[in-house]
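Novice: Sequence:
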Amino acid sequence: MKGVKMHSPCCSYKLILLSVLLVVLLTSTTSSEGVVPRTTNNVESSEKIYGGERVYATEFPSMAAIMHFRFLFWRFLCGGSIISKKYVLTAAHCFDQRLEDLTVTVGYVAYRYGAQHKITKIMKHENYSRELITNDIAILEVNPPFTFNADKKPAVLPGKYEVTPVGSSGTIVGWGWTESSHEDGLRKAQVQIWNQAECEEAFLNIMPSQICAGGYDVEVSVCYGDSGGPLFVDGILVGITSFMRGCATYVPNVFTRVSYFREWITLMTSV
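Residues -32 to -1, 1 to 239 (mature numbering (1 follows the signal peptide of the UniProt record, and there is no 0)) make up the sequence shown, in order.
FYI, nobody ran anything at the bench for these hints, they're computed from the structure.
Fair warning: this is a prediction, and the values are worked out from it, not measured in the lab.
Fair warning: there could be bad hints in the mix.
Here are the computed lysine-lysine pairs in the DSS-like style, where the Cα-Cα straight-line distance is at most 25 Å [to be verified]:
id	residue 1	residue 2
1	K54	K121
2	K89	K121
3	K92	K128
4	K86	K128
5	K128	K53
6	K53	K86
7	K89	K120
8	K54	K120
9	K120	K53
10	K54	K128
11	K121	K86
12	K156	K121
13	K53	K121
14	K53	K92
15	K89	K53
What follows is a list of derived Cβ distance ranges for each label pair [stated by the list, open to error]:
id	residue 1	residue 2	range
16	R22	L172	34 to 42 Å
17	F39	P133	40 to 48 Å
18	F41	P133	39 to 47 Å
Backbone N, C-alpha and C define an ideal beta-carbon position, used for all residues, glycine too.
Let the hints inform the model, and build the full structure from the sequences given.
Specialist: So, in C-alpha coordinates, the structure goes:
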(Lines of atoms letter the chains of each structure in order from A and count residues from 1; the text may use other names and numbers.)
(Lines give C-alpha, C1' and ligand atoms only; values in the text may rest on other atoms or scores of the structure.)
Protein backbone atom coordinates (compact mmCIF):
# COMPACT_ATOMS: atom_id res chain seq x y z
CA MET A 1 0.00 0.00 0.00
CA LYS A 2 1.41 3.37 -0.98
CA GLY A 3 2.63 5.53 1.90
CA VAL A 4 2.80 2.61 4.39
CA LYS A 5 6.16 1.04 5.17
CA MET A 6 5.88 -2.75 5.26
CA HIS A 7 8.13 -4.90 7.51
CA SER A 8 9.94 -7.71 5.73
CA PRO A 9 9.22 -11.28 6.86
CA CYS A 10 12.94 -11.71 7.45
CA CYS A 11 13.01 -8.94 10.05
CA SER A 12 9.94 -10.36 11.79
CA TYR A 13 11.58 -13.76 12.07
CA LYS A 14 14.73 -12.18 13.51
CA LEU A 15 12.67 -10.31 16.13
CA ILE A 16 10.91 -13.52 17.14
CA LEU A 17 14.23 -15.38 17.39
CA LEU A 18 15.77 -12.61 19.50
CA SER A 19 12.75 -12.66 21.82
CA VAL A 20 13.05 -16.42 22.33
CA LEU A 21 16.78 -16.16 23.06
CA LEU A 22 16.13 -13.38 25.56
CA VAL A 23 13.60 -15.52 27.43
CA VAL A 24 16.05 -18.44 27.55
CA LEU A 25 18.84 -16.24 28.86
CA LEU A 26 16.64 -14.69 31.52
CA THR A 27 15.33 -18.04 32.71
CA SER A 28 18.77 -19.65 32.79
CA THR A 29 20.34 -17.25 35.27
CA THR A 30 19.63 -19.76 38.02
CA SER A 31 19.99 -23.52 37.94
CA SER A 32 16.96 -24.02 40.18
CA GLU A 33 13.43 -24.24 38.94
CA GLY A 34 11.85 -25.23 42.22
CA VAL A 35 8.22 -26.14 42.54
CA VAL A 36 5.84 -23.40 41.42
CA PRO A 37 4.29 -22.02 44.64
CA ARG A 38 0.75 -23.28 44.98
CA THR A 39 -1.69 -21.61 47.34
CA THR A 40 -4.50 -23.43 49.16
CA ASN A 41 -5.93 -21.27 51.95
CA ASN A 42 -2.71 -19.24 51.99
CA VAL A 43 -0.61 -22.39 52.07
CA GLU A 44 2.29 -22.89 49.66
CA SER A 45 4.11 -26.02 48.61
CA SER A 46 7.48 -26.03 50.32
CA GLU A 47 10.31 -25.55 48.02
CA LYS A 48 14.80 -24.33 50.55
CA ILE A 49 16.24 -24.35 53.99
CA TYR A 50 15.90 -20.84 55.40
CA GLY A 51 18.58 -20.31 58.03
CA GLY A 52 20.63 -23.25 59.19
CA GLU A 53 24.07 -24.11 57.90
CA ARG A 54 25.87 -25.78 55.02
CA VAL A 55 26.24 -29.54 54.81
CA TYR A 56 29.61 -30.95 53.89
CA ALA A 57 30.87 -34.27 52.50
CA THR A 58 28.96 -37.40 53.50
CA GLU A 59 26.75 -36.11 56.32
CA PHE A 60 23.48 -36.98 54.51
CA PRO A 61 24.34 -39.63 51.90
CA SER A 62 20.67 -40.50 51.29
CA MET A 63 19.94 -37.07 49.78
CA ALA A 64 18.76 -37.01 46.18
CA ALA A 65 18.15 -34.04 43.89
CA ILE A 66 15.37 -34.32 41.32
CA MET A 67 16.18 -32.38 38.16
CA HIS A 68 13.92 -31.12 35.37
CA PHE A 69 15.14 -30.42 31.84
CA ARG A 70 13.57 -27.09 30.84
CA PHE A 71 14.62 -24.30 28.46
CA LEU A 72 17.76 -26.21 27.39
CA PHE A 73 19.06 -26.64 30.95
CA TRP A 74 18.78 -29.15 33.79
CA ARG A 75 17.14 -27.28 36.68
CA PHE A 76 16.64 -28.30 40.29
CA LEU A 77 13.06 -29.35 40.99
CA CYS A 78 12.71 -31.09 44.37
CA GLY A 79 14.59 -33.02 47.01
CA GLY A 80 14.22 -36.70 47.83
CA SER A 81 15.69 -39.54 49.85
CA ILE A 82 17.31 -42.76 48.64
CA ILE A 83 15.55 -45.75 50.26
CA SER A 84 17.08 -48.61 48.24
CA LYS A 85 19.28 -49.23 45.22
CA LYS A 86 16.33 -48.58 42.90
CA TYR A 87 14.03 -46.15 44.72
CA VAL A 88 13.81 -42.55 45.92
CA LEU A 89 11.12 -41.29 48.32
CA THR A 90 9.79 -37.77 47.72
CA ALA A 91 6.63 -35.60 47.57
CA ALA A 92 3.85 -36.26 45.05
CA HIS A 93 3.15 -32.56 44.44
CA CYS A 94 6.53 -32.19 42.69
CA PHE A 95 5.39 -33.96 39.54
CA ASP A 96 3.36 -32.96 36.51
CA GLN A 97 6.21 -33.06 33.95
CA ARG A 98 7.07 -35.53 31.20
CA LEU A 99 8.98 -38.51 32.56
CA GLU A 100 11.71 -38.14 29.92
CA ASP A 101 12.46 -34.62 31.19
CA LEU A 102 13.34 -35.79 34.71
CA THR A 103 16.44 -37.26 36.31
CA VAL A 104 17.92 -37.79 39.79
CA THR A 105 21.41 -36.77 40.92
CA VAL A 106 23.03 -38.20 44.05
CA GLY A 107 26.34 -38.42 45.84
CA TYR A 108 27.30 -34.76 46.00
CA VAL A 109 26.27 -31.81 48.19
CA ALA A 110 26.21 -29.56 45.11
CA TYR A 111 23.41 -31.17 43.09
CA ARG A 112 24.74 -30.09 39.69
CA TYR A 113 27.80 -32.34 40.13
CA GLY A 114 26.02 -35.48 41.33
CA ALA A 115 25.82 -38.76 39.42
CA GLN A 116 22.73 -38.85 37.18
CA HIS A 117 20.15 -41.63 37.24
CA LYS A 118 17.24 -41.70 34.84
CA ILE A 119 13.75 -41.81 36.39
CA THR A 120 11.91 -44.73 34.80
CA LYS A 121 8.72 -44.64 36.86
CA ILE A 122 6.85 -42.25 39.18
CA MET A 123 4.49 -43.85 41.71
CA LYS A 124 2.29 -41.26 43.40
CA HIS A 125 0.07 -42.37 46.25
CA GLU A 126 -3.30 -43.31 44.81
CA ASN A 127 -5.12 -41.01 47.27
CA TYR A 128 -2.90 -37.98 46.78
CA SER A 129 -4.93 -34.75 46.68
CA ARG A 130 -3.33 -31.73 45.04
CA GLU A 131 -6.07 -29.46 46.37
CA LEU A 132 -5.80 -30.54 50.03
CA ILE A 133 -2.09 -31.50 49.82
CA THR A 134 -2.76 -34.80 51.57
CA ASN A 135 -1.13 -38.20 50.99
CA ASP A 136 1.70 -36.14 49.52
CA ILE A 137 4.13 -38.98 48.88
CA ALA A 138 5.70 -40.51 45.78
CA ILE A 139 8.32 -43.13 44.93
CA LEU A 140 10.70 -42.82 41.99
CA GLU A 141 12.23 -45.84 40.30
CA VAL A 142 15.65 -45.13 38.78
CA ASN A 143 18.05 -46.66 36.29
CA PRO A 144 20.89 -47.44 36.60
CA PRO A 145 20.55 -48.54 40.25
CA PHE A 146 22.55 -46.73 42.91
CA THR A 147 25.91 -48.11 43.95
CA PHE A 148 26.21 -47.57 47.68
CA ASN A 149 29.37 -46.11 49.21
CA ALA A 150 30.26 -43.34 51.66
CA ASP A 151 28.52 -40.76 49.44
CA LYS A 152 25.37 -42.76 48.65
CA LYS A 153 23.40 -44.74 51.23
CA PRO A 154 19.72 -45.45 51.88
CA ALA A 155 17.87 -43.55 54.57
CA VAL A 156 16.73 -45.39 57.70
CA LEU A 157 12.93 -45.71 57.60
CA PRO A 158 10.66 -45.79 60.66
CA GLY A 159 8.48 -48.73 61.61
CA LYS A 160 4.79 -48.86 60.71
CA TYR A 161 2.89 -46.17 62.66
CA GLU A 162 6.02 -45.45 64.73
CA VAL A 163 5.36 -42.38 66.87
CA THR A 164 7.77 -39.42 66.86
CA PRO A 165 7.74 -37.86 70.35
CA VAL A 166 6.46 -34.28 70.62
CA GLY A 167 9.29 -31.86 71.30
CA SER A 168 11.89 -34.05 69.59
CA SER A 169 14.70 -32.25 67.81
CA GLY A 170 14.54 -32.84 64.06
CA THR A 171 16.80 -31.96 61.15
CA ILE A 172 15.50 -30.56 57.87
CA VAL A 173 17.78 -30.83 54.85
CA GLY A 174 17.45 -29.31 51.40
CA TRP A 175 18.64 -27.21 48.49
CA GLY A 176 15.88 -24.60 48.72
CA TRP A 177 16.02 -20.82 49.12
CA THR A 178 18.06 -19.25 51.90
CA GLU A 179 17.64 -15.82 53.43
CA SER A 180 19.20 -14.13 50.43
CA SER A 181 19.17 -16.42 47.42
CA HIS A 182 19.07 -19.92 46.01
CA GLU A 183 22.26 -21.95 46.22
CA ASP A 184 23.19 -25.37 44.91
CA GLY A 185 24.93 -26.24 48.20
CA LEU A 186 23.02 -28.51 50.59
CA ARG A 187 21.87 -26.98 53.89
CA LYS A 188 20.47 -28.27 57.18
CA ALA A 189 18.69 -26.80 60.19
CA GLN A 190 17.30 -27.94 63.51
CA VAL A 191 13.54 -27.83 64.15
CA GLN A 192 11.22 -29.05 66.90
CA ILE A 193 8.35 -31.52 66.46
CA TRP A 194 4.93 -30.01 67.21
CA ASN A 195 2.02 -31.38 69.16
CA GLN A 196 -0.55 -32.57 66.59
CA ALA A 197 -3.43 -30.68 68.22
CA GLU A 198 -1.49 -27.41 68.15
CA CYS A 199 -0.63 -27.97 64.51
CA GLU A 200 -4.32 -28.52 63.73
CA GLU A 201 -5.01 -25.07 65.18
CA ALA A 202 -2.63 -23.56 62.61
CA PHE A 203 -3.87 -25.73 59.71
CA LEU A 204 -7.47 -26.85 60.05
CA ASN A 205 -7.13 -29.78 57.64
CA ILE A 206 -4.09 -31.48 59.21
CA MET A 207 -4.39 -35.27 59.07
CA PRO A 208 -2.81 -38.10 61.12
CA SER A 209 -0.73 -38.83 58.00
CA GLN A 210 1.05 -35.48 58.48
CA ILE A 211 3.59 -34.27 61.03
CA CYS A 212 4.49 -30.68 61.90
CA ALA A 213 7.85 -29.16 62.83
CA GLY A 214 9.55 -25.77 63.00
CA GLY A 215 7.88 -22.43 63.58
CA TYR A 216 9.23 -21.91 67.09
CA ASP A 217 12.33 -20.23 65.68
CA VAL A 218 11.36 -17.64 63.05
CA GLU A 219 14.92 -17.69 61.71
CA VAL A 220 14.71 -21.36 60.61
CA SER A 221 12.32 -22.93 58.12
CA VAL A 222 11.88 -24.93 54.96
CA CYS A 223 11.41 -22.59 52.02
CA TYR A 224 10.99 -22.57 48.24
CA GLY A 225 12.95 -25.51 46.82
CA ASP A 226 12.83 -27.87 49.83
CA SER A 227 9.80 -29.89 48.71
CA GLY A 228 10.28 -33.65 48.86
CA GLY A 229 13.33 -33.41 51.12
CA PRO A 230 13.70 -35.19 54.47
CA LEU A 231 12.90 -34.49 58.08
CA PHE A 232 15.16 -36.65 60.25
CA VAL A 233 14.77 -37.40 63.95
CA ASP A 234 17.61 -39.36 65.55
CA GLY A 235 18.80 -40.34 62.08
CA ILE A 236 15.42 -41.78 61.04
CA LEU A 237 13.48 -40.40 58.05
CA VAL A 238 10.22 -39.41 59.77
CA GLY A 239 8.93 -36.77 57.34
CA ILE A 240 8.86 -35.59 53.71
CA THR A 241 8.70 -31.81 53.22
CA SER A 242 5.20 -31.01 51.95
CA PHE A 243 4.06 -27.42 52.52
CA MET A 244 4.37 -24.28 54.62
CA ARG A 245 2.68 -20.93 55.10
CA GLY A 246 5.52 -18.66 54.05
CA CYS A 247 9.22 -19.00 54.85
CA ALA A 248 10.47 -18.43 58.40
CA THR A 249 7.21 -17.67 60.21
CA TYR A 250 5.93 -18.77 63.61
CA VAL A 251 3.59 -21.20 61.83
CA PRO A 252 4.95 -24.79 61.62
CA ASN A 253 6.02 -26.51 58.42
CA VAL A 254 4.02 -29.57 57.40
CA PHE A 255 5.59 -32.89 56.41
CA THR A 256 4.19 -36.20 55.19
CA ARG A 257 4.49 -38.68 58.06
CA VAL A 258 6.59 -41.55 56.69
CA SER A 259 5.56 -44.11 59.33
CA TYR A 260 1.90 -43.70 58.31
CA PHE A 261 2.81 -44.87 54.78
CA ARG A 262 5.31 -47.54 55.79
CA GLU A 263 3.10 -50.40 54.60
CA TRP A 264 2.44 -48.63 51.28
CA ILE A 265 6.19 -48.11 50.75
CA THR A 266 6.82 -51.82 51.31
CA LEU A 267 3.96 -52.74 48.99
CA MET A 268 5.39 -50.62 46.18
CA THR A 269 9.09 -51.38 46.65
CA SER A 270 9.53 -54.42 48.97
CA VAL A 271 11.69 -52.15 51.16
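Novice: Next, verify each hint and record whether it holds.
Specialist: For each hint, the structure was consulted:
no., hint, result
1, K54 - K121, "holds (12 Å)"
2, K89 - K121, "holds (21 Å)"
3, K92 - K128, "holds (19 Å)"
4, K86 - K128, "violated (30 Å)"
5, K128 - K53, "holds (21 Å)"
6, K53 - K86, "holds (13 Å)"
7, K89 - K120, "holds (20 Å)"
8, K54 - K120, "holds (12 Å)"
9, K120 - K53, "holds (10 Å)"
10, K54 - K128, "holds (21 Å)"
11, K121 - K86, "holds (18 Å)"
12, K156 - K121, "holds (18 Å)"
13, K53 - K121, "holds (9 Å)"
14, K53 - K92, "holds (19 Å)"
15, K89 - K53, "holds (14 Å)"
16, R22 - L172: 34 to 42 Å, "holds (36 Å)"
17, F39 - P133: 40 to 48 Å, "holds (45 Å)"
18, F41 - P133: 39 to 47 Å, "holds (43 Å)"
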